[in-house]
Amino acid sequence: MEQGASARVDLGVGRGQREPPMLSFLLRRLLVAVPTLFLVVTVAFFMMRAAPGSPFQGERKLTPEIEKAVNAKYGLDRPLPVQYVSYLGDALRGDLGPSLKYRDKTVADIIAQGFPKSVAIGLAAIVGAILIGVGLGVAAALRQNRPADYVATTVAILGVCIPSFVTAPLLVLLFASTLGWLPTAGWGGVRNLILPVVVLALPQIAIISRLTRAGMIEVLSSNYVRTARSKGLSERRIVLHHALRGAILPLVSYLGPAVAGLITGSLVVEQIFNLPGLGKYFVISALQRDYTVVMGVVILYAALILALNLVSDVLYAVLDPRVKLT
Amino acid sequence: MSAFGPELAPGSRRGAAAMAGAAPRGRSLWDDALRRLMRNRAAVASLIVLALLLVAAAIGPYLAAYPYDQVNKNDVWVGPLTGDHLLGTDSLGRDLLARLLIGLRVSLAVGVVATFVSLVIGVIWGATAGYLGGRVDELMMRIVDILYSLPYIFFVILLMVTFGRNFILMFVAIGAVEWLTMARIVRGQTLSLKQKEFVEAARAAGVSGSAIVARHVVPNLLGPVVVYVTLTIPGVILAESFLSFLGLGVQEPLTSLGVLIANGALEMELAPWLLVFPSIVMVVTLMCFNFIGDGLRDAIDPKDR
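Residue numbers (numbering that gives the first Met the number 0), protein chains in the order written: chain A, 0 to 325; chain B, 0 to 304.
It is possible that part of the hints are untrue.
One side only, chain B facing chain A, incomplete, derived with CB under 7 Å [said to hold, decoys possible]:
| id | residue |
| --- | --- |
| 1 | I47 |
| 2 | Y65 |
| 3 | P66 |
| 4 | V143 |
| 5 | I145 |
| 6 | F153 |
| 7 | V160 |
| 8 | T161 |
| 9 | Q194 |
| 10 | E196 |
| 11 | M286 |
What the hints contain is simulated information worked out from the structure, not anything from laboratory work.
Note that CB positions come from ideal geometry on N, CA and C, so glycine has one too.
So here's chain A without its partners, still in its complex pose (with noise of 0.2 Å):
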């Protein structure tokens, strides 16, 4: 389940190092990084290919020459090759081209209408998930085996074992169809938004409550919270300005899988609660065939969850000294 760290925690002796050690990290990862884009690009182009159908079927029936001269027009008559060559030259000039199955739009169009929204409630939800997750785990690691570890652990266990599109219709059940609080779905005003942002969050603040009370058991024994203690600082004190830094710093490179995480269940999330986020739109396209849509989405994701990968080890090897970047 953990993924992304392959900043190593080494407190061997250090290597003779010829280059700084950042910069070499950073060359190395480019290097992991062009490759993973292209195969992307590559497997996701020539999947959506194979998929039998295209974008121009279902509505209505073509005639041979009109499907000819649509095909025509956005090049799909050419052969396979060619038009994987010309797609990654457009596409490494930062043009997705058209959509095929959204009229006068853009791949580029459609990114920036859905993107904002999935981003919007991924946010919420992991801003949320820390401030909760982290405040569960830090007092359940100082009530250890005390009612509040329990509630903190039983809420890390249920939100681990009940998957978002259990929760999702549950909460949807209770509180927009049977009390009537909130709406059911679709896009609004905030209240449309609490729903999909708890859905999300949950398992998120199981998991990072999780690693937060692993992580500050280990720190509340270690020496320098005990020198803190014996230097007679306030609990308090002790707890916010010391124990919780190095607590929480297994957080740090969580970051990258926690995204890959929200992305997931934001497909699921915009489904159920029909909101116009980008997961919604790429499920949609694949299905109806639309495939420079479908390649825009997963490159950009891609991207991001690359990106993120690397801001996450970064942070956590400047955060934490003993950590050689690798």
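Assemble chain B onto chain A, guided by the hints.
Leaving out everything else, chain B in the frame of chain A:
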């Protein structure tokens, strides 16, 4: 070893005689682990519940009062505990209990088979990379790194769209995604194992590289691998359900827990039981695997003793 005391060292005549006789067996690593696992109440309870679920999935569909795909237009949306249907019926009048049993069977089968696929690929890949080391290791793990940063869920969706909803393909697709972590775990373990004396001894005795990996390295990897397997199965079940939820999973009339939940969610206002019962079975199953996995990790990993 020390349990036998110095005078009973294997190789000495007395020692050999004592060992051949009814000598008390020493506590092996696995005995210890088993004892610790049995003391973990949540894990034991989960083992029992999971065993029951497995039996239900295996023989339940044969015992159910109705076939899972029998449509009955007269008994549409019958509530639970009314009439002859213990858990009620769905919009086509199909018995929910029968469908739940077959859905559980499909979900568990997907979980186990896909995990097995990931196990085989991951162990071979990781053990090879770890044992050979050097350039080969570097290359093999770079490939894993690259595959790791792909946004999988998109590819699995594309795969389902491309090749249609193919049951076998789904096993393979999910298994092929899950092997990466397995390979990393196995490689790390292999790296430390190959420094051990017994591997050196085997090498000195002229055992070939592949035989060393197969006979001496892989059996010693078992601990962490078993733990990861128990944690992978629920992950796979989730992945399958997730695909089913997006309408890309198993095809009707066959069903899985994910399909049942997805369909239940559509009709939850009319027939909440169609959502509630499959959800409960799903959550209980996932919980069992997680408790057993956590219990095994605590039992096998000596660091946490």
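Hint-by-hint comparison with the structure:
1. I47: 17 Å, violated
2. Y65: 25 Å, violated
3. P66: 27 Å, violated
4. V143: 11 Å, violated
5. I145: 5 Å, holds
6. F153: Holds, because the Cβ-Cβ distance from F153(B) to chain A comes to roughly 5 Å (cut-off 7 Å).
7. V160: V160(B) check passes; min Cβ-Cβ to chain A is 5 Å, inside 7 Å.
8. T161: 4 Å, holds
9. Q194: At about 15 Å, which exceeds the 7 Å cut-off, the nearest Cβ of chain A leaves the hint on Q194(B) violated.
10. E196: Cβ of E196(B) sits 22 Å from chain A, so the hint is violated.
11. M286: At 4 Å from the nearest chain A Cβ, M286(B) passes the 7 Å test, so the hint holds.
Consistency note: the structure conflicts with the earlier hints numbered 1, 2, 3, 4, 9, 10.
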